[in-house]
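**Student:** Please build the complete structure, drawing on both the sequences and the hints.
2 protein chains.
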Amino acid sequence: MFHIAILGFGVIGKGVYEVIKNNRESIAKALGGTGTEETINIKYILDKLDFPDHPLGDRVTHVFEQILMDDSVSVVVETMGGADAAFRFSKAALEAKKSVVTSNKEVVDKYGDVLMRTAAENGVSYLFEASVGGGIPIIHPLKRCFYANQITRIAGILNGTTNFILSKMSEGSMTLKEALAEAQRRGYAEADPRADLEGYDSARKISILASIIFDRYIPFEKVKVIEGITHVKQEDIALADKLGFTIKLLAVAELVGGRAKLLVAPHLVEKCTLLSAVNDVYNAISVTGTAVGEVVFYGQGAGSLPTASAVVNDVIEVLREHPKAKCCAPADDGFLLPPDAFDDKKITLPNGSVYRVL
Amino acid sequence: MFHIAILGFGVIGKGVYEVIKNNRESIAKALGGTGTEETINIKYILDKLDFPDHPLGDRVTHVFEQILMDDSVSVVVETMGGADAAFRFSKAALEAKKSVVTSNKEVVDKYGDVLMRTAAENGVSYLFEASVGGGIPIIHPLKRCFYANQITRIAGILNGTTNFILSKMSEGSMTLKEALAEAQRRGYAEADPRADLEGYDSARKISILASIIFDRYIPFEKVKVIEGITHVKQEDIALADKLGFTIKLLAVAELVGGRAKLLVAPHLVEKCTLLSAVNDVYNAISVTGTAVGEVVFYGQGAGSLPTASAVVNDVIEVLREHPKAKCCAPADDGFLLPPDAFDDKKITLPNGSVYRVL
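Order-wise, the sequence lines are chains Y and L. When you line the first sequence up against our numbering, it's residues 1 to 358, in that order. When you line the second sequence up against our numbering, it's residues 359 to 716, in that order.
Derived by calculation from the structure, the hints in this document are not laboratory data. One thing to keep in mind: the hints can contain errors.
With a cut-off of at most 27 Å between alpha-carbon atoms, the simulated DSS-like pairs for lysine-lysine come out as follows [unchecked claim]:
no. : chain 1 : residue 1 : chain 2 : residue 2
1   : Y       : K271      : L       : K629
2   : L       : K501      : L       : K580
3   : L       : K455      : L       : K387
4   : L       : K387      : Y       : K222
5   : L       : K526      : L       : K455
6   : Y       : K271      : L       : K591
7   : Y       : K143      : L       : K379
8   : Y       : K242      : L       : K526
9   : Y       : K110      : Y       : K177
10  : L       : K600      : L       : K703
11  : Y       : K271      : L       : K526
12  : Y       : K177      : Y       : K271
13  : L       : K684      : L       : K455
14  : L       : K535      : L       : K455
15  : L       : K406      : L       : K379
16  : L       : K682      : Y       : K143
17  : Y       : K271      : L       : K468
18  : Y       : K29       : L       : K580
19  : Y       : K29       : L       : K684
20  : Y       : K143      : L       : K372
21  : Y       : K271      : Y       : K168
22  : Y       : K143      : L       : K468
23  : L       : K629      : L       : K582
24  : Y       : K143      : L       : K629
25  : Y       : K29       : Y       : K14
26  : Y       : K326      : L       : K379
In silico contact screen, one side only, chain Y against chain L (beta carbon under 10 Å); selected entries [claimed, not checked]:
no. : residue
27  : T34
28  : E129
29  : D215
30  : P219
31  : Y298
32  : Q300
33  : G303
34  : I316
Given the structure is predicted, the values throughout are model-derived calculations rather than measurements. Cβ atoms here follow ideal geometry from the backbone N, Cα and C, with glycine treated the same way.
**Tutor:** Below, the structure is given as structure tokens:
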């Protein structure tokens with residue numbers, strides 16, 4: 001029996017509980033058991049709130065040190081969101097020789113380098129599959145399935161909210177404002193949707209993927225957010241359609257002459273290609289390698305159970321393999337292509353709107 | 359420096375040489391080197407032919423025992439094709455405590471259970487990522503990225519030749535016969551294309567994937583090949599198009615009431631879904647899990663470099679991690695849903711042709 005703690009019992013934290021409960025057999029088998037026993041025990045839940053009606057209500061604590069001092073807890077799941085408190089707790093846990101698994105892109109983006117180094121120094125793991133692409137296995141494959149390649153480009157639909165809005169606008173029935181209201185009604189968009197709409201959420205995620213493929217720490221401030229989707233007009237979508245394109249918000253990390261080009265912008269994507277067929281809140285990541293050509297990973301980029309699936313998979317990876325954390329040095333500025341050297345291919349629509357194409 | 363041997367120096371074997379040569383830096387880094395040194399040395403090439411003009415012409419041997427007796431060779435790459443000789447060589451290599459990596463679906467399908475057991479008994483690895491989906495990472499993710507799920511369905515476009523033919527027919531310009539001739543002209547189809555056209559190649563591949571997700575050895579004879587694409591008419595494709603569908607040859611492994619339904623048949627796939635956007639010789643595999651929902655993996659299902667990319671990745675995985683081979687017992691007949699209980703959803707086109715839908 002392995003004991004874990006969950007920091008932050010919101011949508012993802014509760015999903016972690018559900019996934020562990022509902023997949024007891026597969027999890028037990030993965031951990032070398034027979035399939036009938038409970039192999040992962042959620043010993044603590046750290047939250048400001050109490051959850052008296054939840055089956056795990058008695059596991060709730062408000063004192064982080066209780067978790068820190070319990071040597072039986074080998075993995076801490078951080079599903080708090082936000083950067084600074086999550087960072088302090090994660091660092092303390094790693095220093096106490098507990099591995100940390102997170103779904104929190106802010107903390108990975110802002111403090112990933114420090115946390116990886118802390119994990120490495122303490123001989124424990126720091127995994128964050130769920131921080132990009134929700135349930136889609138993308139970080140693990142990037143680390144383990146392309147050894148025989150140099151990855152020359154990643155282009156991703158990494159934000160479900162904006163993809164939902166563009167999908168609804170493409171169907172012709174809604175304006176951006178109406179589609180945003182619908183997304184908020186369904187719980188896909190936050191009350192303050194700016195980070196999604198203006199491309200900053202996508203920038204954070206591509207910076208995490210870029211750090212892996214380029215083996216250098218690249219915080220999201222180094223990604224050029226050209227624009228989000230706030231200026232995409234319904235007329236643009238209709239005109240693009242006539243020319244054989246769909247409009248998608250893409251985050252791109254590309255090697256150009258040995259330097260990294262990193263940007264977020266709405267793009268014209270040829271119809272009948274895979275990325276053009278990614279609708280609603282789904283995400284997809286196109287990876288191009290020198291040997292393998294283009295490979296695409298597709299799935300649910302958010303949601304309680306898909307995201308928790310990735311979190312729990314990381315927990316099991318830690319318990320099975322104890323993967324070593326790998327430090328990487330920050331990218332020096334010479335490695336990053338300056339935006340004025342981007343030289344992107346662009347198409348001007350008949351109404352004068354200009355879009356990039358891949 | 360690690361020494362390997364390649365058995366069979368055809369299209370894939372030569373691709374393995376190219377991939378190792380062209381990706382020396384990434385490979386060295388993956389194996390803990392600095393990136394400048396040669397880390398994988400192809401010490402032997404076993405083939406009936408000589409390759410006097412090839413840079414590795416001096417590594418060719420015609421005597422398998424030479425490889426077997428050289429203790430410095432830790433990994434044997436089997437890219438021979440065919441089942442029986444490949445099986446004998448692979449088994450002997452495993453018994454000599456050398457790990458084996460293969461791209462050969464026939465041998466995995468027919469002898470995978472014996473070879474996995476032999477590998478496990480000898481403490482070495484037997485990996486076969488390249489046997490399904492060419493360069494697409496699918497077997498590794500199935501083994502490592504869905505621990506927190508029960509996988510309830512895999513539906514794949516696993517044969518590039520038939521997908522190329524259906525794509526050409528969909529464009530409206532070619533009959534099946536013409537598209538087949540074009541595929542043969544481009545080297546996508548073999549002189550005797552029956553295994554592709556009649557669905558047996560897809561059956562072999564889905565049996566390999568099914569064995570992994572169901573944790574039971576399932577040879578391809580247990581897959582019901584309802585039909586391949588030989589009866590798909592251009593008129594069917596046009597009528598399906600009007601109803602909003604594309605016709606794709608799918609191989610399906612699905613859990614139905616706790617039993618496995620395994621079949622290959624042409625299906626109507628809704629337009630604007632990802633599988634419908636898979637064109638030409640590309641492959642895609644849709645995986646549905648209890649927590650993660652639907653995830654799709656897409657890429658080049660064949661070709662020298664993509665397939666070799668998967669082979670070399672397996673070699674590196676062996677050298678880095680020495681993954682343990684895992685035996686699995688054959689599926690008993692009670693686990694396999696008999697075809698007369700399949701109860702598939704079907705649609706009859708206006709011309710009377712009947713197709714399955716997922």
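**Student:** Just pull the numbers of the violated hints for me, sorted ascending.
**Tutor:** 5, 9, 14, 17, 22, 24, 27 and 30
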